[in-house]
Structures are given as structure tokens and as C-alpha cells.
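Next come the chains, spelled out residue by residue.
Number of protein chains: 2
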Amino acid sequence: MQRRTTMARLTSIRAELVVSVSLTISIDAMGGDYGPQVTIPASLDCLKSNPDLKLILVGDEAIINPILLQQPLQHQDRLTIHHASQCVTMDESPSKALKNKKDSSMRVAINLVRDGLADACVSAGNTGALMATARFVLKMMPGIDRPAIISTLPSTFGHTHVLDLGANVDCTAEHLFQFAIMGNELVKAVEGLENPKVGLLNIGEEDMKGNEQVKSAAKLLENSALNYIGYVEGNSLNAGNIKVDLIVTDGFVGNVALKSIEGAAKMIGVTLKEAFSKNIFTKLIALIAYPVLKSFKKRIDPRLYNGASFLGLQGLVIKSHGGADKLAFITAIQLAEVEVKKDVIKKISAQVEKVLALRETA
Amino acid sequence: MQRRTTMARLTSIRAELVVSVSLTISIDAMGGDYGPQVTIPASLDCLKSNPDLKLILVGDEAIINPILLQQPLQHQDRLTIHHASQCVTMDESPSKALKNKKDSSMRVAINLVRDGLADACVSAGNTGALMATARFVLKMMPGIDRPAIISTLPSTFGHTHVLDLGANVDCTAEHLFQFAIMGNELVKAVEGLENPKVGLLNIGEEDMKGNEQVKSAAKLLENSALNYIGYVEGNSLNAGNIKVDLIVTDGFVGNVALKSIEGAAKMIGVTLKEAFSKNIFTKLIALIAYPVLKSFKKRIDPRLYNGASFLGLQGLVIKSHGGADKLAFITAIQLAEVEVKKDVIKKISAQVEKVLALRETA
Numbered sequence: 286m287q288r289r290t291t292m293a294r295l296t297s298i299r300a301e302l303v304v305s306v307s308l309t310i311s312i313d314a315m316g317g318d319y320g321p322q323v324t325i326p327a328s329l330d331c332l333k334s335n336p337d338l339k340l341i342l343v344g345d346e347a348i349i350n351p352i353l354l355q356q357p358l359q360h361q362d363r364l365t366i367h368h369a370s371q372c373v374t375m376d377e378s379p380s381k382a383l384k385n386k387k388d389s390s391m392r393v394a395i396n397l398v399r400d401g402l403a404d405a406c407v408s409a410g411n412t413g414a415l416m417a418t419a420r421f422v423l424k425m426m427p428g429i430d431r432p433a434i435i436s437t438l439p440s441t442f443g444h445t446h447v448l449d450l451g452a453n454v455d456c457t458a459e460h461l462f463q464f465a466i467m468g469n470e471l472v473k474a475v476e477g478l479e480n481p482k483v484g485l486l487n488i489g490e491e492d493m494k495g496n497e498q499v500k501s502a503a504k505l506l507e508n509s510a511l512n513y514i515g516y517v518e519g520n521s522l523n524a525g526n527i528k529v530d531l532i533v534t535d536g537f538v539g540n541v542a543l544k545s546i547e548g549a550a551k552m553i554g555v556t557l558k559e560a561f562s563k564n565i566f567t568k569l570i571a572l573i574a575y576p577v578l579k580s581f582k583k584r585i586d587p588r589l590y591n592g593a594s595f596l597g598l599q600g601l602v603i604k605s606h607g608g609a610d611k612l613a614f615i616t617a618i619q620l621a622e623v624e625v626k627k628d629v630i631k632k633i634s635a636q637v638e639k640v641l642a643l644r645e646t647a
Numbered sequence: 286m287q288r289r290t291t292m293a294r295l296t297s298i299r300a301e302l303v304v305s306v307s308l309t310i311s312i313d314a315m316g317g318d319y320g321p322q323v324t325i326p327a328s329l330d331c332l333k334s335n336p337d338l339k340l341i342l343v344g345d346e347a348i349i350n351p352i353l354l355q356q357p358l359q360h361q362d363r364l365t366i367h368h369a370s371q372c373v374t375m376d377e378s379p380s381k382a383l384k385n386k387k388d389s390s391m392r393v394a395i396n397l398v399r400d401g402l403a404d405a406c407v408s409a410g411n412t413g414a415l416m417a418t419a420r421f422v423l424k425m426m427p428g429i430d431r432p433a434i435i436s437t438l439p440s441t442f443g444h445t446h447v448l449d450l451g452a453n454v455d456c457t458a459e460h461l462f463q464f465a466i467m468g469n470e471l472v473k474a475v476e477g478l479e480n481p482k483v484g485l486l487n488i489g490e491e492d493m494k495g496n497e498q499v500k501s502a503a504k505l506l507e508n509s510a511l512n513y514i515g516y517v518e519g520n521s522l523n524a525g526n527i528k529v530d531l532i533v534t535d536g537f538v539g540n541v542a543l544k545s546i547e548g549a550a551k552m553i554g555v556t557l558k559e560a561f562s563k564n565i566f567t568k569l570i571a572l573i574a575y576p577v578l579k580s581f582k583k584r585i586d587p588r589l590y591n592g593a594s595f596l597g598l599q600g601l602v603i604k605s606h607g608g609a610d611k612l613a614f615i616t617a618i619q620l621a622e623v624e625v626k627k628d629v630i631k632k633i634s635a636q637v638e639k640v641l642a643l644r645e646t647a
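Top line first, the protein sequences correspond to chains X and S. Just so we're aligned, residue 286 is where the first sequence starts under the numbering used here, counting upward by one. Just so we're aligned, residue 286 is where the second sequence starts under the numbering used here, counting upward by one.
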């Protein structure tokens with residue numbers, strides 16, 4: 286059993302960065318629950334760990350500058366500020382953000398990607414507004430009908446990539462097929478795998494199981510060049526019997542599954558904490574067990590899995606969790622660094638073109 | 286915050302049973318991964334803890350009798366054997382089971398409910414075959430289009446009831462509404478709640494979120510007499526910000542969410558075990574922390590949540606997990622005891638009739 290722990294994953298990401306070429310990432314400095322208080326320190330840490338990285342902090346100069354002044358000056362030469370007068374709030378409707386916030390930090394950060402001034406954009410802002418803005422500004426990749434959100438989850442085998450995590454509330458079989466093509470290229474590039482194992486999320490592993498859309502998608506995948514391994518069930522997201530590198534599903538199911546897992550992990554964490562907080566004896570035991578509990582926590586720390594990529598657009602946008610702290614936001618920036626370095630968007634685009642050409646000649 | 290732990294839940298279930306009237310449950314003795322090796326010892330334990338309980342073991346006498354002989358004789362006077370010559374295998378297709386296995390332990394156990402000889406049936410057999418057989422034998426409740434599977438999940442608030450967990454791969458808004466009506470009656474009866482909080486599973490809490498089916502179901506629920514609290518997200522299944530007693534979703538999403546939670550719990554369990562097994566020191570710490578870890582494990586032990594009820598049929602069928610051990614199968618039988626005692630089927634039927642009558646006069 287090939288095991289890749291979180292630390293191994295991060296170590297390999299960091300090893301990649303050492304030999305990286307110059308890259309520029311625009312940061313929506315105002316996005317997320319904590320805004321610049323998190324995005325700025327995280328940005329400086331990323332500059333420190335990757336000497337080839339340049340960052341553009343997009344947001345209100347009057348807010349960004351005082352915070353930057355409090356930070357160490359080191360590495361700030363690779364940091365520029367790009368003023369944006371507006372800010373998209375966390376509960377703003379995507380259509381309103383698109384219409385009324387043309388100078389928002391989010392919009393301007395994405396504009397920089399469109400204009401070739403940044404290789405990717407990272408934002409912890411409102412997901413709906415970020416997706417709508419990214420789609421409007423960057424445009425869809427030719428051949429792809431809908432964008433999808435992809436991220437990783439820790440699993441007993443290391444980790445699993447999953448899409449769509451919520452961009453689409455209902456999908457056709459063709460949409461699911463397109464998600465698989467895109468996700469497969471991302472996994473190939475990021476993990477260095479030649480033939481990622483691709484599974485389709487369903488409520489059973491037998492052929493007869495599932496709804497029409499999943500059954501039709503299975504046929505498309507069976508007839509494709511992908512290493513399609515068949516249906517997988519919900520438990521495969523974290524702990525299936527066989528390793529699967531990429532799990533494809535529609536955004537409704539994917540989003541519910543992701544949040545169910547978050548809820549389960551939270552509940553289990555609370556329960557574990559309660560068990561160790563019951564009385565003076567259990568608290569003493571907690572003290573003794575602290576190093577073990579710490580290493581356990583680190584392995585499944587959701588902050589080390591932060592960052593979801595929007596696929597299907599003509600440019601790279603990474604969404605960080607809104608509640609991300611510094612470590613979590615660093616993970617999201619590092620994900621952007623890896624995907625830029627691995628040329629994920631170009632590879633997906635080339636593959637989509639190839640699949641389309643094959644279909645036309647078929 | 287009202288907290289109901291697993292133990293509190295089981296204690297309250299057991300307290301109910303003490304004042305129970307005579308009830309008879311048919312057991313599919315051959316069902317599940319372990320068959321009579323699990324179902325028989327579990328049955329005897331249930332007879333021991335509830336003096337008003339009578340059980341009918343349905344299955345192959347030639348297999349059941351020798352196992353019964355190895356068990357203590359006590360309480361066996363309330364146990365009868367009903368011979369059934371066939372057995373539905375775990376991977377048999379529902380249609381084949383229905384057509385070719387008319388004398389299966391599963392079918393005969395359900396027949397006993399139809400014929401009024403048992404108040405409920407418990408089976409750990411093949412879910413698809415059990416549902417198809419139960420639907421064929423017991424018939425649908427008038428006014429209900431489709432059966433649904435309901436069970437409980439541990440949550441930070443105690444536990445949450447969820448349906449549908451996999452009976453239906455796609456549902457209309459009307460189906461979801463019917464599930465809510467049925468689930469609400471079950472929760473009222475089993476939990477003794479007057480106005481259970483009912484949530485609809487979605488990918489966000491805002492009105493604009495979700496697919497058409499969920500949005501339409503929300504309108505039906507808003508206009509109903511139910512205590513509908515709105516959309517809830519996947520994390521609410523285990524650890525939402527507010528307590529919700531009943532979560533309604535379609536069977537595809539519900540099944541994926543349930544299995545995702547199972548997978549996450551398994552992965553976290555494996556990770557915790559690994560952390561404590563790393564070396565001689567961590568193993569020593571595990572020894573010291575053993576009582577705490579044991580109490581933690583007990584709180585989220587899936588065996589204490591085993592048992593799902595089929596709703597929408599004219600009779601009570603409880604599905605146990607196929608891999609249930611003795612403790613898990615006991616939990617499933619005890620769930621049947623509680624639902625019989627609380628007259629869940631009759632209450633649901635009366636409520637469905639009432640809602641239908643209201644609609645006709647509207």
C-alpha cells in the first residue's frame with residue numbers, strides 16, 4: 286500500500302518549489318473572515334519559503350500598508366500592492382458582486398490573471414461571487430460547459446482529489462465526463478501520476494446502482510482513455526478498500542459529502558476533547574498523551590488540505606476556506622504555486638482540445 | 286444546549302422497554318454477513334433484557350437448532366423458530382430475490398408482519414432485496430409514493446435522524462415532502478418531541494442555494510404545519526451550529542453523506558490508532574490513556590446507532606447493517622421494540638391521511 290502522509294505531501298510540494306522558476310500570484314488581500322490580518326502574514330511566509338515567488342496584494346492600500354509596516358521587511362521586495370477600492374462581503378450575492386463591485390479586491394486580483402500580470406489568483410472570499418467573477422473575467426475553456434471545484438481530502442491511502450465540490454447543483458453525464466477529463470490532468474500534473482485511478486461517486490459499486498446521470502457518465506468513462514475503475518461509494522473519499530486518486534461527482538453531492546466529512550471530523554474532535562477533559566485524571570492523561578494527540582491532529586489538520594482549484598476556466602483561481610488562518614492560507618498559496626509550476630491550466634486545455642478532436646473524427 | 290449522549294439515548298430506550306406491553310418481532314436469522322452466529326445470540330440477549338418480548342427466528346431449522354442448543358436455555362420459551370428453506374445472498378439482485386426466493390428467511394419474516402403474526406421484522410440482509418420484498422409484501426401506505434430509509438447519526442447535540450438514506454436515487458419535491466411528514470412522526474414518537482426541528486439538506490443556507498427540487502421542497506415545507514427550520518448543510522448531520530432533529534434529503538445524497546461520514550470516522554480512527562502505535566513510548570501512553578480512549582470510542586461507536594427503519598410501508602421493517610456484530614444487531618432489535626411500542630407505523634399512517642385530507646379540502 287502506497288502511503289502518502291500529509292507531511293510527505295507538503296514536503297514534496299516544497300521540494301518542487303525549490304527548483305521553481307519565477308512565478309507571480311495575485312492575492313485577494315481583503316477576502317475571507319479575517320482579511321489582511323491573515324492574508325498578509327501568510328503571503329510573507331510564502332515569499333520567505335520560495336525565493337522565486339512574487340506576490341501582488343490586491344486591496345485597500347489604506348488598510349494593507351499599516352499592516353505591512355508591522356511585518357518584517359525581509360522579502361517585501363517581491364511584494365507589490367495593487368489598490369482596489371471595493372470589497373466583496375462574505376454574504377453578497379454573486380450577481381450583485383459582479384454588477385456593483387467592479388473595483389473589488391477579488392475582481393481586480395482575477396483581472397491580473399486575465400491580463401497576464403499574475404499566473405494565478407488566491408482568494409478566501411465568498412465562493413459564489415468568486416466563481417461568478419472568475420467565470421465572467423477569465424471565460425470558460427473552449428469545450429468545457431461548466432467550471433468545477435476540485436480539492437483534496439485526507440484518506441487512509443494518503444489523500445484523494447474530488448470534484449465537483451459545489452460549483453454545479455445539477456450536472457448531466459457529459460458534465461461529469463468533462464470534470465473527469467479536467468481532474469485527471471490536474472492529478473497527473475500535481476501528483477506526477479501517469480494513470481490516476483478515476484472513480485465515479487455512487488450509492489453502490491454494482492452496475493445496476495445509481496441514477497441515470499451516473500449510469501450514463503459511467504458509459505462515457507468506460508469508453509474513454511482514462512484509467513476508470515468504476516463506481517466508488519462515499520466511504521472511498523476517506524477510507525475505501527482500494528486506492529482511488531480522483532473521485533468525480535456533481536456539485537450538490539460533492540458539497541454535501543465534503544461538509545458531512547467536516548462535520549463528522551468536528552464531532553469526533555469535540556468528543557475526543559470531552560473524553561480527555563472529563564476530570565482531573567483524564568486531564569492528566571491528556572497531558573501525558575499530548576505529543577501523540579498532537580501528531581494525530583496534524584495528520585488530519587484541515588488547514589493542511591486548504592485550497593480548492595476552479596477548473597474549466599482560462600486561468601487559475603484558487604479558493605481558500607473563508608475561515609482560513611495563516612497556516613491554512615499559506616497552504617492555499619502553495620497549492621497555487623504548485624499548479625502554476627506544473628502548468629495545470631495549459632495541460633487541461635490541451636487535453637480537452639485532444640478529446641474534442643477525437644470526438645469530431647469519431 | 287440539550288445534550289443527549291449515546292448512552293443517554295440507549296438508557297432512555299431501555300427505560301421505555303421496562304414498561305412495554307407484549308410484542309413480537311420476526312428475525313431474519315440467516316441475513317447479514319454472519320447470519321445465525323450473530324442473530325441468535327443477539328436475539329437471546331434481547332429476550333433477556335425485555336420480558337415482554339417474543340421473537341420468531343426465521344430460517345433454516347437445520348442450521349438454527351444446533352446453534353440454539355449451544356446457547357443458555359433461559360428465555361428460550363419466548364423464542365419460536367419458523368422454518369424457511371431459502372436464503373437471499375448479500376449480492377443477489379432484488380428482482381431475482383423477489384422472483385426466486387419465495388421461501389427465503391427474509392421473505393417469510395416479512396410475511397409474518399403482513400399476516401399480523403409479528404409487529405415488526407429485523408433483517409441484516411441485502412438492502413435492495415429487503416426493500417423490494419418489504420414493498421411487495423407489505424404494500425405502500427396510501428398517500429405515500431415511495432418508501433424511504435431513516436436512521437440516526439451521532440451529533441454534537443446527541444443525535445440526528447436522517448432520511449432518505451438510499452431507497453431512492455432521485456426524488457421530486459413531493460417525495461421529499463412526504464419523507465418529511467413520515468420522518469417527523471417517527472421523531473415525535475421515538476424522541477417524545479412535540480415539534481421536531483426539520484431541516485432540508487442543501488449546499489448552503491441561503492434561499493437562492495440548491496437545485497430546483499430542493500427549492501420546491503422548501504416551499505412545500507414552509508407551507509406545512511411542520512417545524513421547518515430551513516436549509517441545513519452537510520456538517521449539520523453531525524456538528525451543525527444549531528440542533529436539528531430531522532434532516533430530509535434524497536436517497537442518493539443521503540447515502541453518499543452517510544457513507545462519507547463512515548469513511549471519515551474510519552480514517553480518523555485508523556489515524557488515531559497509528560499515532561498511538563508508532564513506538565514503544567506511544568504504546569505505553571496508549572495503555573495509560575486506555576480508559577479515556579475507550580469512553581471516547583463508546584460515544585461514537587457505530588454499533589450503537591445500528592438499525593434503519595423503512596418508512597412508507599404498511600408494516601415495520603428494520604434494516605441492520607450487514608456487517609453487524611452481536612451488539613449492533615441488539616441495537617437494531619431494540620430499535621424495532623421501541624418503534625412497535627410507540628406505534629410509529631400507525632401514527633405515520635394517521636398523519637399521512639390527515640395531510641391528504643387537508644390537501645383535498647384546500
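Errors might be hidden in some of the hints.
Identical copies look the same in the list; a pair holds intra-copy or inter-copy alike.
What the hints assert, rightly or not - BS3-like mimics (lysine-lysine), calculated; alpha carbons at most 30 Å apart, straight line:
#1 K500 - K333
#2 K339 - K482
#3 K563 - K583
#4 K558 - K333
#5 K500 - K583
#6 K563 - K528
#7 K611 - K339
#8 K626 - K500
#9 K558 - K384
#10 K583 - K558
#11 K384 - K504
#12 K583 - K482
#13 K381 - K473
#14 K558 - K482
Keep in mind that the hints were calculated from the coordinates and are not lab data.
Results for each hint:
no., hint, in the structure
1, K500 - K333, "neither (48 Å within a copy, 48 Å between copies)"
2, K339 - K482, "neither (34 Å within a copy, 51 Å between copies)"
3, K563 - K583, "both (23 Å within a copy, 15 Å between copies)"
4, K558 - K333, "neither (35 Å within a copy, 36 Å between copies)"
5, K500 - K583, "neither (38 Å within a copy, 39 Å between copies)"
6, K563 - K528, "between (38 Å within a copy, 23 Å between copies)"
7, K611 - K339, "within (18 Å within a copy, 61 Å between copies)"
8, K626 - K500, "neither (36 Å within a copy, 42 Å between copies)"
9, K558 - K384, "neither (46 Å within a copy, 52 Å between copies)"
10, K583 - K558, "both (15 Å within a copy, 14 Å between copies)"
11, K384 - K504, "between (41 Å within a copy, 29 Å between copies)"
12, K583 - K482, "within (27 Å within a copy, 36 Å between copies)"
13, K381 - K473, "neither (37 Å within a copy, 42 Å between copies)"
14, K558 - K482, "between (36 Å within a copy, 27 Å between copies)"
Of the numbered hints listed earlier, those contradicted by the structure are 1, 2, 4, 5, 8, 9, 13.
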